[in-house]
Amino acid sequence: MSEMTLPFAPAEHVGASSYLDEGHTVLSWLLTTDHKRIAILYALSITIFFFIGGVAIGLVRLELISPTGWFMTSDEYNRAFTIHGIIMVWFFLVPSIPATMGNFILPLMIGAPDVAFPRLNLLSWYLYVIGAGFTVYVLLTGGVDTGWTFYPPFSSNYSNSSVVAAAAGVFVVGFSSIATGVNFLATTHLLRAPGMTWFRLPLFAWSMYVVSLVMVLATPVLAMSLLLISAERLFGLPIFDARVGGDPVLFQHIFWFYSHPAVYIMILPAMGVVSEVLPCFARRRVFGYAFMVYALLMIGIVGFMVWGHHMFVAGQSPFANLVFSFLSFIVAVPSAIKVFNWTATLYRGQIGFEAPMLYALGFIGLFTIGGLTGLFLASVPIDIATTDSYFVVAHFHTIMVGGTVSAFMAGIHYWWPKVTGRMYHEFAAQFAAITMFLGFNLTFIPQFIMGWLGMPRRYHMYPDVFQIWHVLSSGGAAVLAVAYLLPLGYLTWSLIGGDRAGDNPWQATGLEWQTSSPPPKQNFLHPPRVTSAPYQYHELGRAREEGEPTSVSGQGGTS
Amino acid sequence: MRLAEFTAQASDYAVRVDTLFALLSIISGAVVALVAGLITYFLIRYHRGSRAPRGETPERLDREIEIGWTAATFFSFLFLFWWAASDQLSALVTPKNPLEIHVVAKQWMWRIQHPSGAREIDELHVPANTNVQLVMTSQDVIHDLYLPALRLKQDVLPDRYTSLSFNATKTGVFHLTCAEFCGTDHSVMAGRLVVVTPDEYARWNAAQPEGDDLAHQGERLFHSLGCSGCHAPGATVHAPDLHGLYGRPVQLSDGRTVAADEAYLRDCILLPDKNRVAGFPPVMPNFTGSLDEAQVVTLVAYIKSLGAAASTGSR
Amino acid sequence: MTDLSDALQEPWSDLRLQREAVGLGMWFFLASEVLFFAALFCSYAVYRSFNAEAFRIAAAHTKLIYGSINTALLLTSSLTMTIALRAATARLQRMTLFFLGLTVLLGLAFLVTKGLEYYGDIEEHLIPGSTFPLKPAATEIFWALYWVMTGIHAIHLTAGIGVVIVVMLLFGREIVPVQGSTMEGVAIYWHFVDTVWIFLYPLIYLGGRT
Amino acid sequence: MTNGDRSAHRLWRAPAWAWVVLMLLFAINLGSAFIPLGNGNVILNLFVAAVMVVVLAIFLMDLQNAQTLVRVVAVAGLFWVVLMFSLVFSDYLSRS
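From first to last, the protein sequence lines stand for chains A, B, C and D.
294 is the number that the working numbering gives to position 287 of the first sequence; each next residue is one higher, with no gaps.
52 is the number that the working numbering gives to position 50 of the second sequence; each next residue is one higher, with no gaps.
52 is the number that the working numbering gives to position 70 of the third sequence; each next residue is one higher, with no gaps.
165 is the number that the working numbering gives to position 84 of the fourth sequence; each next residue is one higher, with no gaps.
Here chain A stands alone, though its shape is the one from the complex (with noise of 0.2 Å):
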């Protein structure tokens, strides 16, 4: 065996017990430091709240399917959108990808026998578990009404619900993030296997380290923006209040200064699965993958400078406007760069497509059109047209949703031999991929054009005009909400009876593929050591058409 190559599905690792066969028992989970078992636990706890969220919308459409609604009061509908906000960013988007399969690939990926603080990694989980309580008890207590960006002095002065409740659960849930954070760049920066230079670092790999970065830097920024209004709202500490000369502006740019690098905390680790996906399915090494870098650190870096077009109507200086609206124009240049680089990476390829191909082609198509329309809301004359409208609405669920749970879903499918050591129905996986695209194109094209029109958000009643949007969107919601019960079917019945993966069933290179499926509880039976850079697809190509042995090539093997 040569240090480049390693025969596919080696005797050797036959036999060898994996990380599901370390102890059977509810505390040899619930006290693991494995961050194989941790992703699983996250992903579990995630998904919980991804339909508790789900829930909490499929009302919400149901009832404006009504102009004048037709089965909740208006506090309740309040309610419902707030807690939709709250649970789908801070529960299931923000944590989706980086907590569970940064959590179980990254280590895999860089060749480390996991992550550099076990223990923080499990508390990480029990925090986020402790926010989440917090979030449960909020909506067993009637909820919280304020939107789920806490505008104050509505939300410190004028709401009549559980705000500091809910804000806790947020403040809670942040510190798991940054704790996952600090996790990953002690990770990223010192457990990487011999030879795995920065430069060899395959590309989800780098994006979770950009994404850690963001996360470190912006989570506590939020922290304190939720403890001030808490402050203020138990205490009568005045601290936005405009009564004694406080401003509730500042509070906005404290938020947004956190909430806006959010949204790369949420697609970045997209950019990353997609990276990944694509290269494997095309056989394709990924074009310009220096630029690819460079890209990711750039909107990471710039992401931080552009929280201000949230708030063009808000009060803020015409002046800063014109500087916000600049630098968002900006961040746009390396997300454009991505989507062109993805482009190219199939040119010449052998391309197949399997579910997550789909889902990662379904991601590029919405990921540009959400890009595009961010275009819209950079240009501050167009911004104060449809800012609190349905278009923003649509524009960033285009991103969060379309793009990041679209990617979400691509990584689950791609890794999901690795993980379970089983294969999933491929066919329903592909019908689903196509279902999901579809409906989410149904739910979020109406928005955008009743968003121009006029129609604002966080309206419970709407004038009649919108009504035909509006129904074609809650069918949109309708076929997504189908699409995104069927992988929890077709995935549970893989574990029963899907068929047995092998170690790299997509002979993708990387050296999470280069280990057992699942994998060992010290993820290498041999330190692994890496020889080239990563994504060496047409060595792969070129190795078969050559008529040489099924062999992996590429990023490393074991020494």
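Calculated directly from the structure, the hints in this document are not laboratory data.
Please read all numbers here as calculations on a predicted model, not as lab measurements.
Calculated lysine to aspartate or glutamate pairs in the EDC-like style (CA-CA distance at most 20 Å, straight line):
| no. | chain 1 | residue 1 | chain 2 | residue 2 |
| --- | --- | --- | --- | --- |
| 1 | C | 45 | C | 35 |
| 2 | C | 45 | C | 103 |
| 3 | B | 172 | B | 125 |
| 4 | C | 45 | C | 106 |
| 5 | C | 117 | B | 256 |
| 6 | C | 117 | C | 35 |
| 7 | A | 528 | C | -8 |
| 8 | C | 117 | C | 106 |
| 9 | B | 172 | B | 14 |
| 10 | B | 108 | A | 82 |
| 11 | C | 117 | B | 269 |
| 12 | C | 117 | C | 105 |
| 13 | B | 172 | B | 7 |
| 14 | B | 276 | B | 243 |
| 15 | B | 276 | C | 35 |
Dock chains B, C and D against the given chain A, drawing on the hints supplied.
Only chains B, C and D this time, still in chain A's reference frame:
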């Protein structure tokens, strides 16, 4: 309700916004078509097992392509920014002597006060082809006045004035609504923007029951609250003279100099300690809680009228 | 060298690397903490720049003596913490424990002083609300920020004291060897809490004294 | 601690010097607060505080011996603070 109440282009500015929107839509459409077209083409031509030729592209070419499209994207975004920013900058120029209409938002209604003293609720009458400036404040939470037909929107903040300037060119009835989430009845905090000809506006004003204009209402309040006891020229208490104050720079006791604009006057009434004028003792009572925003508006209007009176010498 | 392998934790194979990781992780966490406090300092800066006079008046009512004593206490505790870390690196267990104990005492002294100060503030009704004695209104913002800033700092310090006590127990019972990576993280955190105070001190106590 | 004494001496000497410097700076800060300098007071106070933090970071937090990476991380936090302050003030200082 008709869709035109939202989509009509009721001002030149609205037409410009729509033009920019159309431009962006065309560019975006082209980019989407390009990306989707290329992806579809590649998917068909290079699907697994197809006979299309494969092989490496030269690395130097890759690099040039990469730099090429980075630069192209960058410059086209710069162009878009320039276009959007110049639209915005031209809209920022406040026209001279606008018709100033006060808007007070509270959960969940809009109260409008015209300079003539006419008041209305959830309806805003404005004359067409006239420069109108809305001066807005909120009595409780943050609201946002959204006028879809003018493509305009501005948050309305508590204890602060924000403004919205426009010149409507089309008469008719349009929608007016709140765009910033403000609580239970946010979605029904709506009304009508009625653009009428200047003549009709004058007639409409005359037909309103309230006899006094804002400044006179303010004057009455000024006397009934006892402000005149200190601020009248012959008063024994040492208090600043208000004649000709509006618009003048004022030296404050902490060394700052500020212009006596509406926000300043408002602060002086509600938070007298915030901007103490140099040379005066801090004896002004605090009117927070005893005055509502609408009353403050009339007082400010009165003080402004004093300024006008002083300059024309009629008082 | 058997105790060296005791100090090693999963997934590390090398104590030097493990210490490096703890230090690095701690510094990343501190970068996070810096941004946490930055949001607070930024609010302070915005309000102060628009209410200079009110902040001057309000700051004059803070208890300079308590604040200054606390500054001296914290600076000294940073010294004892550094010595404890150096002693730990040199594997001088008793000396480590002694200086850690000293650090804890200084930290507790800080909290006691802080408590006395808070007591005085409450006596004077310096809590924003209906009985707040100062004018103009923006002094309330200063005092709101005062309570939040010093409160959060005190919570950080309390957490620090708690951690040091736990670490002392672990060291004293030799559950964890002193030269492991633990001290590294504890010391960096402690100094950070001190750093925050160094900025809080002039912003809260030194205004309006002329 | 028999032969530890001399080494113990070495352990605390450098930090003790840093401590003396810090206390001196602290005294300067406290004293200067009573000299009327207008806006100069807060500027001076914050400048001295910044120097104190630098001294503390370099000599007590051991940045002098730290790796480049750790120093980069320490400075990175400050970079983001500067971003926050400059962009927030780009709004406040240009409001009319």
